[in-house]
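Here are the chains, one letter per residue:
Protein chains: 2
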Amino acid sequence: MKQNLKFTLRGENFSTMWEKQILLLPGPTQIPPRVMRAMSREQINHRGPVARKILFEIIEGIKEIMRTENDILIFTSSGTGGMEAAVANIMSPGDKALVVSNGAFGDRFKKLCQAFNIEMDVIDYPWGEVVDPQNIEDHLKNDHGHKIKAVFVQHNETSTGVLNDMEAISKARGEHPALLVVDAISSLAAAELQVDKWGLDVVISGSQKAFMIPPGLSVVSISPRAWEAVKRCTNSRFYFDFTLAGEYLELGQTPFTPALSLLYGLQESLKMMRDEGLENILKRHSQYRNIVRAAVNALGLEMLAREEISSPAVTAVKAPEGMNAGDIINGMLEDYNVVIAGGQGNLRGKIFRIGHLGYMDPLELVAGISALESVLSSLGQPVDMGKGVTAAMKIIKGGKSCESIDN
Amino acid sequence: MKQNLKFTLRGENFSTMWEKQILLLPGPTQIPPRVMRAMSREQINHRGPVARKILFEIIEGIKEIMRTENDILIFTSSGTGGMEAAVANIMSPGDKALVVSNGAFGDRFKKLCQAFNIEMDVIDYPWGEVVDPQNIEDHLKNDHGHKIKAVFVQHNETSTGVLNDMEAISKARGEHPALLVVDAISSLAAAELQVDKWGLDVVISGSQKAFMIPPGLSVVSISPRAWEAVKRCTNSRFYFDFTLAGEYLELGQTPFTPALSLLYGLQESLKMMRDEGLENILKRHSQYRNIVRAAVNALGLEMLAREEISSPAVTAVKAPEGMNAGDIINGMLEDYNVVIAGGQGNLRGKIFRIGHLGYMDPLELVAGISALESVLSSLGQPVDMGKGVTAAMKIIKGGKSCESIDN
Numbered sequence: 001m002k003q004n005l006k007f008t009l010r011g012e013n014f015s016t017m018w019e020k021q022i023l024l025l026p027g028p029t030q031i032p033p034r035v036m037r038a039m040s041r042e043q044i045n046h047r048g049p050v051a052r053k054i055l056f057e058i059i060e061g062i063k064e065i066m067r068t069e070n071d072i073l074i075f076t077s078s079g080t081g082g083m084e085a086a087v088a089n090i091m092s093p094g095d096k097a098l099v100v101s102n103g104a105f106g107d108r109f110k111k112l113c114q115a116f117n118i119e120m121d122v123i124d125y126p127w128g129e130v131v132d133p134q135n136i137e138d139h140l141k142n143d144h145g146h147k148i149k150a151v152f153v154q155h156n157e158t159s160t161g162v163l164n165d166m167e168a169i170s171k172a173r174g175e176h177p178a179l180l181v182v183d184a185i186s187s188l189a190a191a192e193l194q195v196d197k198w199g200l201d202v203v204i205s206g207s208q209k210a211f212m213i214p215p216g217l218s219v220v221s222i223s224p225r226a227w228e229a230v231k232r233c234t235n236s237r238f239y240f241d242f243t244l245a246g247e248y249l250e251l252g253q254t255p256f257t258p259a260l261s262l263l264y265g266l267q268e269s270l271k272m273m274r275d276e277g278l279e280n281i282l283k284r285h286s287q288y289r290n291i292v293r294a295a296v297n298a299l300g301l302e303m304l305a306r307e308e309i310s311s312p313a314v315t316a317v318k319a320p321e322g323m324n325a326g327d328i329i330n331g332m333l334e335d336y337n338v339v340i341a342g343g344q345g346n347l348r349g350k351i352f353r354i355g356h357l358g359y360m361d362p363l364e365l366v367a368g369i370s371a372l373e374s375v376l377s378s379l380g381q382p383v384d385m386g387k388g389v390t391a392a393m394k395i396i397k398g399g400k401s402c403e404s405i406d407n
Numbered sequence: 001m002k003q004n005l006k007f008t009l010r011g012e013n014f015s016t017m018w019e020k021q022i023l024l025l026p027g028p029t030q031i032p033p034r035v036m037r038a039m040s041r042e043q044i045n046h047r048g049p050v051a052r053k054i055l056f057e058i059i060e061g062i063k064e065i066m067r068t069e070n071d072i073l074i075f076t077s078s079g080t081g082g083m084e085a086a087v088a089n090i091m092s093p094g095d096k097a098l099v100v101s102n103g104a105f106g107d108r109f110k111k112l113c114q115a116f117n118i119e120m121d122v123i124d125y126p127w128g129e130v131v132d133p134q135n136i137e138d139h140l141k142n143d144h145g146h147k148i149k150a151v152f153v154q155h156n157e158t159s160t161g162v163l164n165d166m167e168a169i170s171k172a173r174g175e176h177p178a179l180l181v182v183d184a185i186s187s188l189a190a191a192e193l194q195v196d197k198w199g200l201d202v203v204i205s206g207s208q209k210a211f212m213i214p215p216g217l218s219v220v221s222i223s224p225r226a227w228e229a230v231k232r233c234t235n236s237r238f239y240f241d242f243t244l245a246g247e248y249l250e251l252g253q254t255p256f257t258p259a260l261s262l263l264y265g266l267q268e269s270l271k272m273m274r275d276e277g278l279e280n281i282l283k284r285h286s287q288y289r290n291i292v293r294a295a296v297n298a299l300g301l302e303m304l305a306r307e308e309i310s311s312p313a314v315t316a317v318k319a320p321e322g323m324n325a326g327d328i329i330n331g332m333l334e335d336y337n338v339v340i341a342g343g344q345g346n347l348r349g350k351i352f353r354i355g356h357l358g359y360m361d362p363l364e365l366v367a368g369i370s371a372l373e374s375v376l377s378s379l380g381q382p383v384d385m386g387k388g389v390t391a392a393m394k395i396i397k398g399g400k401s402c403e404s405i406d407n
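As given, the protein sequences belong to chains A and B, one line each in that order. Quick note on numbering: my numbering labels position 155 of the first sequence as 155, and the sequence is numbered without any gaps. Quick note on numbering: my numbering labels position 219 of the second sequence as 219, and the sequence is numbered without any gaps.
Derived by calculation from the structure, the hints in this document are not laboratory data.
Copies of the same chain look alike in the list, so a pair counts if it fits in one copy or across any two.
Lysine-lysine pairs mimicking DSS-like chemistry, simulated, CA-CA at most 27 Å apart:
1. K141 - K96
2. K318 - K110
3. K53 - K20
4. K110 - K231
5. K197 - K171
6. K231 - K111
7. K387 - K20
8. K171 - K141
9. K96 - K171
10. K53 - K271
11. K397 - K283
12. K283 - K63
The model shown is predicted, which means the values in this text are computed figures rather than measured ones.
Construct the entire structure; sequences and hints are all you get.
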C-alpha cells in the first residue's frame with residue numbers, strides 16, 4: 001500500500017492528492033459538498049438585491065452562533081485581517097493595550113500593536129499553558145489611571161491547543177473600562193462562546209474553521225462600547241475601516257467587492273449549522289477532542305495542553321523524545337495522505353497538531369490515528385499497534401462527549 | 001415573456017436569477033465552468049508542498065500577463081486591499097504623493113493617502129476625461145526638491161470607462177525619481193500593459209476582472225526601486241506588509257491563510273489565458289468595446305468617454321435626457337435578467353456602465369443590447385428596434401477588433 005501511494009502522491013499528478021487526503025488541520029478544514037455546490041453559483045452584482053439578501057441572512061446566522069446582538073462586519077481577508085481591523089479601529093497611536101499571550105496568535109496581537117504604534121503591557125505564559133484570569137484582574141486593578149484601553153486575548157490558542165476561559169477572563173476585567181478583544185478564530189462554534197452574556201466587545205472569527213468554508217473571510221462583532229472607541233480612533237485604516245464598513249452594511253453591502261463565492265458558501269454552511277443546532281455542534285467538537293486525547297494517551301504520547309485546558313478544535317502532541325515532529329507529519333502525508341499541522345515558532349519540530357473541527361466524521365479521526373500509529377512505528381517508536389485506534393473507537397461507541405475521559 | 005420572467009425573478013427563489021443572468025459588469029465577471037470546477041477541489045494544507053506548487057505556478061502566470069520580472073505578491077482581499085498595500089508600504093507619514101485622478105478610483109487613492117497621513121499634490125480631471133501626461137510632466141518638473149515620492153494613477157478608470165495612456169504617463173515621469181503606482185485592477189489582460197518596458201514600479205490588479213475568477217484576491221507587482229522604498233517605509237501595516245509577504249513567498253507561502261479556492265481558480269484560469277494567448281485576449285476585449293460602442297451609437301445614445309480614450313473593459317453610457325439611469329438598470333435586471341452597473345458619486349443616475357471583460361461571448365453583448373433597446377423603448381425613449389443589435393452584429397461578423405469603427 002505504501003509503495004502504491006507513494007507512486008501517485010510523489011508524482012506530478014497532484015489532483016490525486018486533493019481527492020484522497022484526510023485533512024486534519026486546525027484550518028483550512030473540510031468543505032461539505034453542498035457548501036461546495038453553493039460556492040459554484042454564478043457571480044452576481046455585489047451591490048444588487050440578491051447580494052444584499054445573502055449578506056443580511058449571513059449576518060443573522062453569525063449573530064446566532066456568536067450569541068450576540070452586536071453589529072457584525074465581514075471582511076474579505078484571512079482571520080489576521082480581522083485581528084488587524086480590531087487593533088486599527090479601536091486603538092489610537094500611543095494608546096495602551098494589555099496583550100495577554102499564551103502562544104503564536106497571542107504574539108500576533110503584539111506584532112499588530114507594534115505595527116500600529118500601540119503601547120503595550122504584556123502578560124506572557126509558556127506556550128501550552130493557559131491564561132490565568134487572576135493575572136489580568138491584578139494587572140487591571142493596578143492600572144489606576146485606566147490607561148489601558150483594551151485587553152487582547154485568544155479564546156482558543158490554535159498554536160498550542162489551549163482553550164482560555166473567556167467567561168472568567170471577562171469577569172476578571174471587573175469594573176475596569178478596558179474593551180475586551182477576543183480572537184475566536186478557531187474557537188467559534190467549536191467551544192462555548194457567549195459574546196453578549198460575557199460582555200465581549202470585539203470578537204474575531206474566520207471562515208476556514210468551524211464555519212466549514214474555505215479561507216478568505218473574517219468576521220468581527222462590535223459592541224456599542226467598542227463603536228464609541230472606533231469614533232475616537234485616529235489610527236490609519238481604510239480597507240479594514242469599521243466606520244466605512246458599518247455605513248455600507250446599512251445598504252446591505254460591503255465597501256469593497258466581497259469574495260462572493262465565499263459568501264454563497266457561508267450562507268449554505270450557516271443553514272447546515274442551524275439544522276444541526278449549536279449545542280450539538282459544540283458537543284461534537286468536545287467528542288473529537290476526547291477521541292484524539294484518548295488515542296494519543298493510549299499510544300503513550302504526551303500532549304502539550306493538559307486536559308482541563310484542552311481545546312475542542314485542535315490537539316497539540318509532543319513528538320517522542322529524540323524524534324522530529326516533522327518526520328511524523330511528513331510520514332503521515334507521504335505514506336497515508338493524512339494532513340496534520342506542525343508546531344510554530346519554538347515548537348517547530350517538537351509538536352504536531354491534529355485539527356478536529358468543522359465538517360468531520362469521528363471515523364476520520366480513527367483513520368488519522370491509524371496512520372499515526374503506523375508512522376510512529378516506522379520511525380522506530382515502540383507502538384502497540386491498534387491501541388490508539390481502539391481507545392478512539394471506545395469513545396465513539398460510548399458516545400462520550402463533554403465528560404472527561406478516564407485514561 | 002416579460003410577465004413570466006417577473007413571476008420568477010421578483011419572487012423569493014433567487015437561485016433562478018443566478019442560473020439565468022447575463023452578467024455585464026466591470027467585475028465581478030463571469031466564471032468559466034472549468035474554473036468553477038477547479039475551485040471546487042478539496043482544501044489542502046496552505047503551508048504544504050501542493051500549495052507551494054500552485055502559488056509558484058500562479059505567480060509565473062501573472063508575470064507573463066504583466067510582462068514583468070518584478071516580484072508578485074498575492075493578498076486575500078479585494079483590489080482596494082492591493083491599493084492600500086501600495087500606499088502603506090512605499091509611503092511614510094509626511095511623504096508627498098502626486099495623485100492623478102479622473103474618476104472614483106483615482107479618488108480612492110486620495111482617501112487612502114489621507115488615511116495613511118500622506119501629503120498630496122492632486123491633479124484632477126472631470127470624470128469621463130483622460131489624464132494628460134503633459135500635466136504630470138509639468139508638475140514633476142516643478143518639483144525641484146524631488147519631494148514627490150510616488151505618482152498614483154489608474155490605468156483603466158472603471159467608474160468612467162476611460163483608459164489612461166500608461167506608456168505616455170510613464171514617459172512623462174522623465175528623470176524624476178518618483179515611483180509610479182498603477183491601479184490596473186480592471187485593465188490587466190484587457191488593455192496592453194508592459195510593466196517592465198514602461199517602468200511601472202507598483203502595479204495592482206484584482207481577481208474578479210479579466211482573470212475570470214471570483215473576487216477575493218489582489219495581485220501586486222513590485223519593482224526593485226519600489227522594494228527600496230518599502231525598506232525605508234515607516235507606515236503602519238501588517239496584513240498587507242510587503243516585506244513579510246516577500247519573506248513567506250520565498251517559502252512558497254503567504255504570511256496568512258490564503259483564499260485557497262480562489263488560488264485553485266486562478267491556477268486554472270491562467271492556463272486558459274496561456275492557451276488563448278495574451279494578444280488574442282487583448283484583441284477580444286478591443287472587439288467587445290467596438291461592439292458596445294457601435295450599438296450604443298446606433299441607438300443615438302452618448303457615451304461618457306470619447307472613442308480615442310475608451311476602455312476595452314467597460315463602457316459608460318449617458319442616460320437619455322430626462323431619464324434616470326437607475327430605471328434603465330432596474331428594467332434590464334427585472335425584465336431581462338441582464339446585469340449592468342450604475343454610475344458612482346456624481347454620476348449616479350446619470351450613466352449606466354456595460355462591463356465587457358473576462359469570460360464573455362460577443363453574442364452575450366448582442367443579447368444585452370437587445371435588452372437595452374427594449375427597456376429604453378418601454379421607458380419612452382424613441383428606439384428604432386434592432387438598430388443597436390444590428391450594429392453590434394456587423395462588428396462581430398466583420399471581425400473588426402482593434403480598428404476604429406465607422407459610425
